Every structure is written in structure tokens, then in C-alpha cells.
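Okay, here's what each chain looks like letter by letter:
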Amino acid sequence: MDLDVYLAAILGGDTRAFGGWMSGAEPRVRDSLRSFAQVIDVEAVLQETLLRTWQVAPRLVADGRPNGLLRMAIRIGRNLAISEVRRTKATPTDGDDLEAALAAGDRPISAPDPMLRKAIAECRDKLPDKPRQALDARLASAGGQDDDDLATALRMKLNTFLQNFTRARQLIADCLGKRGITIDLELGA
Amino acid sequence: MTDDDELLIEQVASAYRPVPRDELRYHPRWHDLGAAGRERAFARARALRELEAALDPDGLSTTARAVLARIAGAR
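Order-wise, the sequence lines are chains A and C.
Residues in the first sequence are numbered consecutively from 1, following the numbering used here.
Residues in the second sequence are numbered consecutively from 1, following the numbering used here.
Same shape as in the complex, but just chain A:
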């Protein structure tokens, strides 16, 4: 899938189209920053990268290849990560290869699997009450509140909230595993 199908609408200021683009691009941009994970907060850099990509998308010059905006985002993320390494005086990482990161933009991007989405939703619906509350609170806050605030809203101590969240993801991982669905091992860790 060429994520540039969203480009015309993005240039028109359509945030829903940008959301569609992010749904495919986010994992690729995140992966391109993996080599920085020990020295900078990749989540903070990634969110800023995606925001800047939205802001500078009108400057994209098409080169005839697919996923031009994704490759631009990977470059923005890489430059921002390097700036962060300098700002924080962190030790630069090995294995920091821009060409390899950009190659991620050339690999095919699959559309979301509706059967997997259905299975995950069914496993979520089987969660016990407290873990479900913790998971739903994280989803509803969409990164807008820290876990202290989410725990307080649920009348839980922070550690209790986190233990319930951990249990939620582990139970979903177990449920998916029983259905023979291969998942990221970190989900069930």
C-alpha cells in the first residue's frame, strides 16, 4: 500500500486523512528510531516527528516513488533524534544507518487485518473488570493524562493501576495465543 494516497487530502488540511496515513506510517517511523532507544525517549521524538510531518507535508516534492511522505517523516525523525542526542549530550549509538531506515519506507505496507482486529476485540471483552478498566482508561486518555491521574480517576493506587494494566495486556496475549495468533512477545511479557 502506498500511503501517499492520503497526501492530497492531507495537503487540504484533512486530519482524518492524516490519521489514516499515521495508522500505516507510525510503526515504520518508530522502527526507524530503534537504534536510539537507549539514549533518547523515542515516544516523545516520534510524536514530535509526526506533528512536524503534518506541518511540512506541503513542502514534499514527489520523486515518483511510493511513500514519499513516509520517507520524509523518517528523515525528520532521524534529524530530530540526532538533535536530541546532541542536546542531551548522550553517547551516540552504533548501528545508526539512515539508508537502512529509509529502506523501511520502500517495503510494502499491509492494510490492517480485520480478523486480527476482531480477535483482539473479543479477547478484550473477556477481561475481568479491573484490568478492563485500566486498559480502557489508557485508551480513552489517548496519551493525554499520566498514569497517576488515570489511577486516581479509577480510585486505584498507581501500582495497582499498573498491575491491572499489565494483567490486561498479558490476558489478551494469552487469549490470542490460545487462538493460534502469533503476537509480539513483549505484549505478554
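A few of these clues could be false.
[Claimed, not checked] For the chain A half of the interface with chain C, some residues (derived, Cβ under 7 angstroms), not all of them:
no. : residue
1   : 41
2   : 42
3   : 51
4   : 142
It is worth saying that the hints were derived from the structure and are not from the lab.
All figures in this text were calculated on a predicted structure; none of them were measured in a lab.
C-beta atoms are modelled at their ideal positions from N, C-alpha and C, and glycine is treated no differently.
Based on these hints, arrange chain C on the given structure of chain A.
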């Protein structure tokens, strides 16, 4: 990894980040993690975002939702 490390990883793997002002702001607990913990938090975040996107009606992770909120000026 200790139990305390695991709880730190769980927090850092969320999409919550203080809104940047003049410079990027990291998750406050990120600084408490060592190199191995930061790697785990990266991997955990990646796995969680896939789960979140699957549970979102528009297929968006909490990272993407956080970015859209900033674009809308809500944060």
C-alpha cells in the same frame, strides 16, 4: 529486571508525554530506566500501539491520537 523496573517500563511505554514547550519533554520516569529498561520500554510501546490500533474504531494508536490532539490544539 526488578518488579519496580517492570512498573517503570509499563509507565514509559504509554503514549503520555508532557506537552513540549521550548524543547521536547520526556516521560518523567524514562530517566529512571537503565539501557535495558529503555529497550524494553521501546519494544513494549511498539506492541501496545498495535493492540491499541486494533481496538480503535479508526485504527489509530494512542500515539496517533495524541498527535491529532496536538494538531487540533487540544494540548
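Do the hints match the structure? See the list:
A cut of 7 angstroms between beta carbons decides the hint on residue 41/A: the least distance to chain C is about 4 angstroms, and the hint holds. Interface restraint check: residue 42/A against chain C, minimum CB-CB distance 6 angstroms, threshold 7 angstroms, status holds. A least Cβ separation of about 6 angstroms between residue 51/A and chain C falls short of the 7 angstroms threshold, and the interface hint therefore holds. Residue-level restraint check for residue 142/A holds (minimum Cβ-Cβ distance to chain C is 3 angstroms; threshold 7 angstroms).
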